[in-house]
Amino acid sequence: MDSIVILFISGLLGLFVGMRRQPLSALVISSLGLTGAALAAYFRGQYTSPLAAYTAYIPTQSAVVILLCIVTLLAIWGGYQRYRQENEHTGDYLSLVLFSLCGAIMMAQPNDLMLFFIGLEILSIPIYVLVGIEKGSALSAEAAVKYFFTGSFASAILLFGIALLYGATGSFQLVEIQSNLAIGIWQSPMAMIGSLFLLAGFAFKIGAVPFHFWGPDVYQGASNAVLMYMSTVVKITGIYAIVNVFGQIFRDSYFYWIDLISLLIVLSMFYGYITAWKQTSFKRLIAYSSIANAGLMLFALADIHNSNIFLFVAAYAFATIPLVTINEFADQNSDDLSNWEGIAWKNPLVGAALVLALFSLAGIPPLAGFFGKFSLLWSAVPHIPYTAVLALIASVIGAFVYLRLLMLALKKPEVQVKKALSAEQTIVLLLTTISSITALYLI
Amino acid sequence: MQAASSIGTSLDFYLFVSFALFTIGAIGAMTRKNMIVLLMCIELMLNAVNLMLVTFSTYYGNGDAQIFVFFTMVVAAAEATVGLSIIIMAYRNLKSIDIDMYNQLKN
Amino acid sequence: MALILLPLIFSLIAWWIPSNFTRIFGLISTISTLTLSAVTVCYFKSNEPILIDLGLRFVRFSIDSLGFTMMLLTNAVFFLVFLSNFKRELVHDIRFTALALLMQFGLLGIFTTNTILGFYLFWELTLLPIFLILYWFGNFEKPRAILQFFLYTLLGSLAMLLAVIGLMHATNQQTYEGLLSADLNALGNTSTLLMGGFLLAFAVKIPLFPFHTWQAETYTKAPVAGTMLLSAIMLKMALFGLLKWVLPIFNGIATDFWRWPVIVLGLIGIIYGAIIAIRQNNLKTLFAYASLSHLGLIAAALMLQNGETNQIAVVQIVNHSIVSIGLFLAAGIIEHRIGTAELTGLGGIAKVAPRFAFWFGVLTFVSLSVPFTAGFIGEFFLIKDLFAAHNLTGILASATLILGAVYMLKAYQAPMFGPTKVTSFEDLHWSEITVFAILSIAAIYLGLSPQCLTDFVAHSLSQPTL
Amino acid sequence: MAKDLTLLFILALPLIGFAINGVFGKKLPKAFVGGLATGVVFIAFLLATTLFSGLHGTQIVKLFNIIDFDGLRINASFQIDALSIWMTLIITGIGSLIHLFSMGYMSHDEGYHKFFTYLNLFIFSMLILVLGSNYFVLFFGWEGVGMCSYLLISFHYNDAQKGEANSLAGRKAFIMNRIGDVGLLLALFMLIGQFQTLEFLRIGKALQDNAVLQGSALFFITLCLFIAATGKSAQIPLFTWLPDAMAGPTPVSALIHAATMVTAGIYLTVRSNFLFELAPATKDIIMYIGLATTLLAAFMALRQNDIKKVLAYSTVSQLGLMFVALGFGAYSVALFHVTTHAFFKALLFLGSGSVIHGMHEEQDIRQMGGLAKLMPITHFTFLIGTMAIAGIPFLSGFFSKDEIMAQALHHNPTIYVVLVLAVTMTAVYMFRLYFLTFHGTFRGGDTLKSKVHESGTSMTLPLIVLAVLSVFGGLLNLPGLFFKNAAHWFDHYLSHGTMGLDQVHNAHLPFTTSMALMIFASTIAIGAFAWAYLTYSKKGNIAKADEAQNGWERLSAQKLYVDEIYNSIFVKPLLALSDFAGKVIDIQMLRNGVYALADGVLNTANLSRKWQTGFLSNYLFWMVFGLITFVAYYILKLSVWH
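Chains as they are written, first to last, in this note's numbering: chain A, 1 to 443; chain B, 444 to 550; chain C, 551 to 1016; chain D, 1017 to 1658.
Fair warning: there could be bad hints in the mix.
Quick list of simulated restraints, FRET-style, between CB atoms [said to hold, decoys possible]:
#: 1; chain 1: A; residue 1: G342; chain 2: C; residue 2: I578; range: 52 to 60 angstroms
#: 2; chain 1: C; residue 1: Y593; chain 2: D; residue 2: D1084; range: 33 to 41 angstroms
#: 3; chain 1: C; residue 1: I563; chain 2: A; residue 2: I427; range: 19 to 27 angstroms
#: 4; chain 1: A; residue 1: N333; chain 2: B; residue 2: F513; range: 38 to 46 angstroms
Worth flagging that the hints you see were computed from the coordinates, not collected in a lab.
Bear in mind that the values here come from a model prediction, so they are computed numbers and not experimental data.
Where is the CB? At the ideal position from N, CA and C, for every residue including glycine.
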């Protein structure tokens, strides 16, 4: 709760400072806000908070909050360069991010569907705006339109599911719903169909096939900064929410929906990776890779009683952010893959970060990505082994995609032109690189 | 769950109406090209949900759902504002509100 | 512990070494690793493995005599690779040095780790550097060829990952001893499937017959050093895994199920590789198929799960490392000095480079497994045991002797003797001569008294015979 | 000196020579190199004689342990008995002579030290072969001599015009030998399977205590052993390498391809007599193969015009003769012929070497003639050798060959008849060779004639020694009809000191028969002599040019086209198969198959991207579609499970 408040306040401050056209100070403020939120989450319960009473309503784990804050911080810094130059919307941008982060924290691990829905909207609505934040560009506008309509459509569906659940159980409290369902009502079609509507809504949020269509278009239309934020925070929140809701409410009807999950997994991974192969736009490539990774994340539902998704999402975020940052570094205004040719040679740090990030996404040990994948499969294999087999085959294709990008980036150019990273980018790359290595301590 | 109160038997009727509304909204959203109409369709869907929530709340006789309805309305309003502004911005760029004009982003 | 971590440390240091000291650094670091392990082996008692616990959850190390052998082999191979490339551009490149050392670390990890997950981790860890080495220093005109190598390996190792997870779930064990004690026959067909997962990974690496198509192309296009590393030590990972992990652990239903399929594939590989090698025009391709043939023999023999066969198999593994280093070095020298390894463009080198002719000849005979060389002992006993298993297998396997003579003599005579096409050829550099000499001495020593090695590894190979 | 130490010295000396010459040879003066190489072999010979004199029974010298498994233990151990020592004497004795000869012959060769290094290495491996006390050590030597023979045949690999041919000949020899080796290998495996040991004595012991053998094991073992023998001893079907092996320097042909290595097959058979005795079927096979070989080879020799080729085929033929004897189980007889053959064939080869040396590398006898006056010593010794091999009475060849004929007659008269034919041909082509070379007029042109000279002492001395041996070699094993007490000395010597040979006893013919045989044989020989003298010396007609040959002559000159047949049956198909496997199966089917698979998977991307149309309404539609699918699935599942 404290975290949310801190974020909200710093968001407001950022807004005002932004009006004063002081991008740097806006950055500082929001960074401070994020850090403060993270710290508040870290020290939760070790100090007497004035809001302690309300904390019960938003029981999001500290770890998740911290993860979200750090990821957002990295995303902001990684994409900050452009906003520093033409400081039109810096303040708006930053504060919108912070606001939607509040929503993310609210919805990540809900215990009440009402708060969850509100959190969801608080998360989404700012992003609709963020996507369309480039006034001049038609692509940005189109992306915003598409995202807005699909998004609100999805939230309507989700809402309908909530309503049906309420109809079946007469409560929004996850605990009560679970207990009510547990006493046998869960076989009532209404509850089940409600759960399916929820599933559809979640699938949209994390962008699993066939609810993924908004992904590539919106990612391409959005700026690198927003892309970073969307592709990480939204997914993380979405997967956490689905794990919580399904883990709490529908654990008894596991048998009915697990096959659907497997279907989503297989579809998403194969479709995502295969389609990524032919992309010429980096952002679309990242979008498809994120679709495939959404499929992987869904493995967390295979073993709902102890699903450990944290490692994977962290690894995924820490691998995606540097890539997008490097895309920003390559060329701010275009996302054509041709910019990536031989980019590793422009700057050693970029090279290192790139290699590690891509191998981490491909899931090669000893990088973080592998351990994430391993922890997921570890709990999944006993429950849905054949899905796991298919998933691994798909991830071979995925490795192809990433290696293609890697080979493109490592291609030695005739003339080596050095190019300096901006300070924030350097920090981001360093942090992500280190973190993707230090996953070793998990061995 | 306590027993059904006043509207007990006609519960199904309300449900049917709201479901119908929802379906109409969904189909409209899928078929219509005008963005304003699209927005309206989505509003319709949300309101269908509202109706259902209210129905259930009366059925169970507890007020949670009705509170939820208010929230939903607020959310819907917010969405409408954001949506409209987005539409306007889009219109500035493409001089059209026909949704099919907006397909430069594709593979 | 330093035994294992030393290469990693070096590979990290390497990035900060100025480029004109690079090759010295590579040499020094490999030498020091080698000497360290050589010194330790003196204090090593083969019946009490060295235990190393870094307090990690999934990875623990336990160096038994087999592991120690492979470790020495690895260090020696890397030392020789660096020494033999001392005159090349390659070792001036910091990236190669660092990656190679990283790879060395991975290999040492594989050979010494005590947990199945650790085995997988290091297995994959070696993949990263070799991929970069191949990509940066190889001359693959199409990325497809190198991706093919990667596809194969990755497919295999992911199958292994599943098998590892399944194994750990099924047995609730992760250490070698634990898995040995676990009774997998209780799992029935599941154990067969799990073993299949491992075998797929190994079959790609060894490589066995239908999974070998990456080999020839990769060997031909890779830089010589990369090819040496691949064939001399990386392919041994699979044999080692077969020998140390899979066969003892799955002993029972699973091995009974897989034995003959693998043996048959191995035999096909032996004959198929040899026959193809006869007509290859590129020296490196020829040697690639030759090693397909040689390794098929070892793999087939391992499946017999006979303690003594395994001891000899170790001898043959070492021998194959010696041979492949030597031959690929020779091929590389030719390629490097003349610019082509195509036999049609070569001939009469022996006139202009007598020293090279001599040493290449020695290595050729070593690979022909003439008496007084390790290969003689190795092939003799491996084929003997295959023959004992089934006459036909023995007879087919012994075809490798004849066909081997055919293609090896061709590979030696065509460039060395034959019509004079090469008029100027810079004779061997001292570093290269040293390498050749070391190899030959090692081969001959092993050929005269293999007992020292077989006794050394015997303890860790005391597995249930059939 | 203790026996085992002596033995070790015998083995070590050639190795030392090999090491020193191999390492420092290039620096050292030629005289020293040659002297050292010759010296070590000669000392080895002297040591061998001491062993020979002090020989009683069988003694095993264990050097060290090669491999030690509880199933099987193999030692590097050596065996001193009549057979091995006898072979040692031949190898070192003839070997030292030929070393001596080479010092002169190779004097102008730049690879002088290399040559002697290889020769010593060969002597070493050959000694290992004959002295080994088990089949494994024997196999060591077996492969070793193969390697050396390869090295020495292709010794002149960088000769201007013949270089490639030389190296190819070496390759052919090595591969053919390898085929034989595989036979030996399999035999060893089967022996291990049967006896769990490879020691000659143990196996022989086990057989004497009539150990039970499974089924036809013995037949297959002996058969494989014989296959090995055919490889080394150039019998049908593996004989084609020996004539090509003449590409090597002549001393090599004398040492390896006449005196020692090619007799390894006979040694192997004699050594394993206890096995062969129990496998009559194999013995028959041996006998018939030997017969065919001796006949065909003799026929091929009739019209060869290369002086060394004639000798090569005669070697093959003589070896065939020995195998016939082995087929009859007359081991000592075969070995006796090995001995005498070693004498006179070495003599002949060295003589031809001297001729070639004098003729400046000219080998075609059509270019020779009338050399008798130009190189008298060579001529004289060569004549003796020819007479010996042709079976002129009371020379060594006469006795040894006669023994074999006697065995043949005793066992199977028809075989005897065929042998007579072969022997006649032998006499004919040998005398043809002799007269064409040394008599008549010189046909090489005057320029060459002026340069022809007799060879130096280092070359003539061995000739003389060998000539003496060829004359008196027969005394070793006189037939029973002369001095009774000295008769069959060799049989007794061998049979008393060698495992298993004391079991077998050669048939002895009654006095009259053997007398008749000898007379008949000598008449054949002398007849052939006379005929050849008339045809080639008196009428002075010479060998025709290749074109002029009529049917059978061409057939003989072209070696019955065996090489061509082998080429089309084995070599070409193998190469074709290799091409097919390499290009079609491996690349087109497997590799491109993998590529096709990968591309196929990845190209579905072209399909899957079409799904992303860019139209919002489609997106919404697919979302609803997914939702409906969910519901439909749920209903389905519900209806299935309830």
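Cross-check of the supplied hints:
no., hint, in the structure
1, G342/A / I578/C: 52 to 60 angstroms, "32 angstroms, violated"
2, Y593/C / D1084/D: 33 to 41 angstroms, "25 angstroms, violated"
3, I563/C / I427/A: 19 to 27 angstroms, "25 angstroms, holds"
4, N333/A / F513/B: 38 to 46 angstroms, "44 angstroms, holds"
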